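K.L.:
Using the sequences and the hints, build the whole thing.
Protein chains: 2
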Amino acid sequence: MSAPVKAGESKSQRLTKGGRKTRERIIEAAAELMFHHGAGGTSIPDIQAAAGVSASQIYHYFGDKQGLVLAVIDHQTDTRLAQQRPLLDSLDSIEALREWCDSAGNRQDARGCEGGCEIGSLASELADSDQSARTSLISAFDRWEDPIRSGLARMQARGELSERADTAALATALLAAIQGGMLLSQVRRSSTAYRQAVSAVIDHIESYLVR
Amino acid sequence: MSAPVKAGESKSQRLTKGGRKTRERIIEAAAELMFHHGAGGTSIPDIQAAAGVSASQIYHYFGDKQGLVLAVIDHQTDTRLAQQRPLLDSLDSIEALREWCDSAGNRQDARGCEGGCEIGSLASELADSDQSARTSLISAFDRWEDPIRSGLARMQARGELSERADTAALATALLAAIQGGMLLSQVRRSSTAYRQAVSAVIDHIESYLVR
DNA sequence: ACATAATTGGAATGTCAATTCCAATTTGGG
DNA sequence: CCCAAATTGGAATTGACATTCCAATTATGT
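The listed protein sequences correspond, in order, to chains A and B.
Quick note: the first sequence uses UniProt numbering, first residue 1, plus one each step.
Quick note: the second sequence uses UniProt numbering, first residue 1, plus one each step.
Because the hints were derived from the structure by calculation, they are not lab data.
Careful, some of the hints might be misleading.
[To be verified] Which residues of chain B face chain A? A partial, calculated answer using Cβ under 7 Å:
1. Gly-40
2. Glu-114
3. Ser-121
4. Leu-137
5. Thr-172
6. Ala-177
7. Leu-183
8. Leu-184
9. Asp-203
Just so you know, these numbers come straight off a predicted model, no measurement behind them.
Each residue gets a CB set at the ideal place from its N, CA and C atoms; glycine is no exception.
P.N.:
Listed below in structure tokens is the structure:
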């Protein structure tokens with residue numbers, strides 16, 4: 001029992017410099033594969049080949065496949081949020097919201113509308129089958145929704161948005177539009193549905209503008 | 001080569017009375033299992049047990065697993081649309097829209113927010129990996145979106161909805177809100193996100209009301 | 001009733017995945 | 001430099017799964 005710790009929790013074993021690198025390489029390869037083929041559609045041998053590691057290494061660092069999946073969820077969340085970070089922290093104007101959503105739409109077009117949302121796809125696949133994955137996904141969506149709500153709240157505090165506006169509910173609605181829009185776009189291979197979905201919600205938010 | 005026809009298309013072989021029943025039983029069992037565990041998470045032996053049939057029967061009627069998945073997509077589409085049919089054909093008022101979306105929210109609550117949308121979940125899983133499934137899913141979403149658009153168009157024709165309203169885009173936005181809202185609700189185990197998402201879009205549609 | 005086609009059972013096949021094991025090798029701290 | 005711990009390789013194990021086969025059995029049209 002060299003126990004790679006309980007269940008993807010903090011690791012007691014110290015990681016060597018190369019160890020950290022290997023660990024990262026595995027996560028990145030797994031994330032990429034799982035984005036395209038889902039968690040269930042990605043095998044350990046697939047990941048071994050893509051990351052150039054042996055089976056031992058994967059089990060050494062993650063315990064089992066579920067542990068790796070959890071690590072991938074966290075990694076995707078961190079990565080996606082970091083990617084959007086400049087914009088994500090200043091979502092306190094209608095223009096900023098539109099620009100931010102637009103950039104995601106362009107990104108979707110750039111990949112030919114293949115693949116949906118890195119987090120949403122995993123959520124749909126794992127929410128009902130893996131309790132600990134669901135917990136991580138709750139946190140992932142919260143961390144995503146927060147900057148939206150926070151931006152809207154700032155607008156409201158500044159008096160730009162009506163007091164009647166429920167900023168939390170509007171943030172949730174926008175996140176839902178993004179997710180649903182991405183899904184429709186993925187199926188239809190066109191970002192139009194995504195753009196229409198987010199546009200409708202932002203138009204609605206706009207209706208709460210004061211003056 | 002007794003060929004159960006090409007790819008889930010029309011079957012040349014005549015079905016006997018019992019044959020039709022068996023075929024239906026298989027589809028229903030598969031649909032139920034795949035709703036809870038996904039297509040990839042549902043094995044042929046699982047379906048055999050649930051439907052009380054032998055492997056031969058499944059392969060006899062569907063050729064292979066992909067053929068069965070296609071049949072399940074069509075079955076879920078037909079079933080879901082039929083379930084909503086009374087409401088679905090009269091979505092030509094704000095109240096009707098709200099009531100329709102509400103009933104779906106109540107349905108979600110009733111099952112404890114486990115499982116998302118029967119079609120959306122399969123869409124997320126299969127859109128990128130199975131070209132023929134994607135084709136069926138396009139049709140499924142179109143058949144779903146159509147009654148919404150058609151209801152909005154009737155409102156517009158009656159002069160209740162502004163000429164400025166893009167009924168097609170609004171219908172897409174509502175469908176996206178439903179999908180994204182369902183996903184968030186499934187992860188959070190609360191229908192709140194779903195209700196907030198659809199409410200925002202319907203509020204937006206309401207803003208196009210004339211007078 | 002007969003022949004043809006549909007239906008069914010159940011075992012067999014081959015592949016591949018998740019995981020475990022153990023032995024080697026490397027690394028970092030004292 | 002030395003030892004315990006970390007890291008790695010690669011084979012072995014075990015089980016499940018999709019699919020095929022063939023032999024029975026049953027239904028249907030004529």
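K.L.:
A separate judgement is required for each hint: does it hold in the structure or not?
P.N.:
Hint-by-hint comparison with the structure:
1. Given hint, Gly-40 (chain B) at the interface with chain A, holds; its Cβ is 5 Å from that chain's nearest Cβ, closer than 7 Å.
2. This hint holds: Glu-114 (chain B) has a C-beta 6 Å from the nearest C-beta of chain A, less than the 7 Å allowed.
3. Interface hint at Ser-121 (chain B): satisfied, since its Cβ lies 6 Å from the closest Cβ of chain A, which is below the 7 Å cut-off.
4. A hinted interface residue such as Leu-137 (chain B) counts as satisfied when its beta carbon comes closer than 7 Å to some beta carbon of chain A; here the least separation is about 5 Å, so the hint holds.
5. Checking Thr-172 (chain B) against chain A: minimum C-beta separation of about 5 Å stays under 7 Å; hint holds.
6. Here the hint on Ala-177 (chain B) is kept, as its CB sits about 6 Å from the closest CB of chain A, short of 7 Å.
7. The beta carbon of Leu-183 (chain B) is positioned within 7 Å of a beta carbon in chain A (closest approach about 5 Å), and the interface hint is therefore held.
8. At its closest, the beta carbon of Leu-184 (chain B) sits 6 Å from a beta carbon of chain A; the interface hint therefore holds under the 7 Å criterion.
9. Checking Asp-203 (chain B) against chain A by beta carbon gives a least distance of about 6 Å; that is within 7 Å, so the hint holds.
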